[in-house]
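Sequence lines, in order, name chains A and B. Numbered by the working numbering, the letters in the first sequence go through residues 820 to 1004 in order. Numbered by the working numbering, the letters in the second sequence go through residues 820 to 1004 in order.
Don't take each hint at face value.
Which copy? The list can't say, so a pair holds if one copy fits it or any two copies do.
What the hints assert, rightly or not - No farther apart than 20 Å at their CA atoms in a straight line, the calculated lysine to any residue pairs in the SDA-like style are these: (1) Lys854 / Tyr964; (2) Lys943 / Glu977; (3) Lys943 / Ser976; (4) Lys854 / Gly993; (5) Lys854 / Thr958.
Since the hints were derived computationally from the structure, they do not count as laboratory data.
2 protein chains.
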Amino acid sequence: MTETGFTVWITGLSGAGKSTIASGLAAALQEAGGKVEVLDGDEIRATLNSDLGFSKEARDANVRRIGFVARLLARNGVAVIVAAISPYRAVRDEVRAAIEAEGCGFVEVYARCSIHELTRRDVKGLYQRALRGDIQGFTGVSDPYEEPLHPDVTFDSEAESEQDSLRRLLAHLGTKGRGVRPESH
Amino acid sequence: MTETGFTVWITGLSGAGKSTIASGLAAALQEAGGKVEVLDGDEIRATLNSDLGFSKEARDANVRRIGFVARLLARNGVAVIVAAISPYRAVRDEVRAAIEAEGCGFVEVYARCSIHELTRRDVKGLYQRALRGDIQGFTGVSDPYEEPLHPDVTFDSEAESEQDSLRRLLAHLGTKGRGVRPESH
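One chain only, chain A, in its complex shape (with noise of 0.2 Å):
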C-alpha cells in the first residue's frame, strides 16, 4: 500500500525507439520487482481506442484516453510507461497535470529522430510513403508533431546507445524520486 505509482511518458515521432524503450524499462523495473504496466500507443489503438482515427480530435482523445488508464494505474501503485507518439503538446500537458494532481510522478521523456534518420531507416517502409503522399496526415512529415519544451529526459538514437539511454533514464528515476515533487510527500 505504501508504494508510490507513477508515469513515464515517452512522446516521440513514429520509429524514433519509444516502443524498444518502453520495453527495456519495463523489464528493468520488473526486475526490481515493481509492477508495472507498459501501454503502447499502437496496441492501445488495437484494443482500447479501436474506434479513434488520426484527426487532431481523434489524436487528442488517443492520449487522454490512454493518460485516463495511466493515471488509474499510477495512483494504485504501478509503474506505468506510456509509448505514443502524443503530437500535440496541450493534451500532454493535461494528462501530466491530471496525474501530478493524484500525487503521482510524472517523467515526459523525449525520444527525439530527425525526419532525416527516420527515413533513411524506414523500418516499415512509412516514411518512404508518407514522403510519396501516400499515407496522409503521418505525423512529422504532413502533420504536426510539437516537441516538448522542457522534456525530463530526451534520447537522442542517433547519438546514444538504447543501453546508454535506459541507464540514464533509470539514474533519473533514481535521482528524482520517480518524478513525484518532494512537496506533494
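We have chain A already, so just place chain B on it with the hints.
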C-alpha cells in the same frame, strides 16, 4: 506483489442500486486495507467514454472499455468494482473471460429490481419520461436488458436492505476467495 486483484461487476437497470452497493463495498474493502477502484458507468461516460451514445454498438463499446480498464487494474492487484447497466450478456461474458484469463477473479452481481418498483421510486424521473416516450432507447423500457443467467450474487432491493446485501456480498467474496477459482492458484 502477492495481492490478487479481482473485479466485482454490478449489472442492473438504472436506479436498481448499483452505485450504492459499489460505494458500500468500496468503503468496506478500503477499510480492510485493500486497493480499490470504483468504475461507475455514469462517471466513465463523462470521461473515458464521453464519445459514446446508447446504440447497441455504443453500449457494447462502453462495457468493453470499462472491462479493459478493469482488467489492467485487477492484474495489478486492485479490487475493481464496476457499476454499469451493461445490458448485454455476450459482452459481459466476454469481459469476464478476459479478466479470468489474467488469473483474476470476476464476481458478477445482479442488482435486480422490477420495472414496477423502479417506476414507483423513479428518483431521477427517468422512468416516467421513458414510459411516455420522451426518452428513446431506455434500458428496461424501450431497450433490451438481458438478465444474467448465473450471477454469482443477486440483490433485490425490494426484498433486502442495503446493509444485508452488502454483508452477503462480503461473505461471498470471503468464502469464494474473491471469485478466484481454486485451479488458478
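Each hint tested on the structure:
For a Cα distance limit of 20 Å, the shortest separation of Lys854 from Tyr964 qualifies neither inside one copy, at 31 Å, nor across copies, at 38 Å. Taking the shortest alpha-carbon separations for Lys943 and Glu977, only the intra-copy value of 18 Å comes in at or below 20 Å, while the best inter-copy value is 60 Å. When the C-alpha separation of Lys943 and Ser976 is checked against a cutoff of 20 Å, the pair qualifies only within one copy, where the shortest distance is 17 Å, while the shortest distance between copies is 57 Å. Taking the shortest alpha-carbon separations for Lys854 and Gly993, only the intra-copy value of 16 Å comes in at or below 20 Å, while the best inter-copy value is 25 Å.
Proximity of Lys854 and Thr958 under a CA criterion of 20 Å is satisfied in neither setting, with 32 Å inside one chain copy and 39 Å between copies.
The structure fails hints 1 and 5 (numbered hints given earlier, in ascending order).
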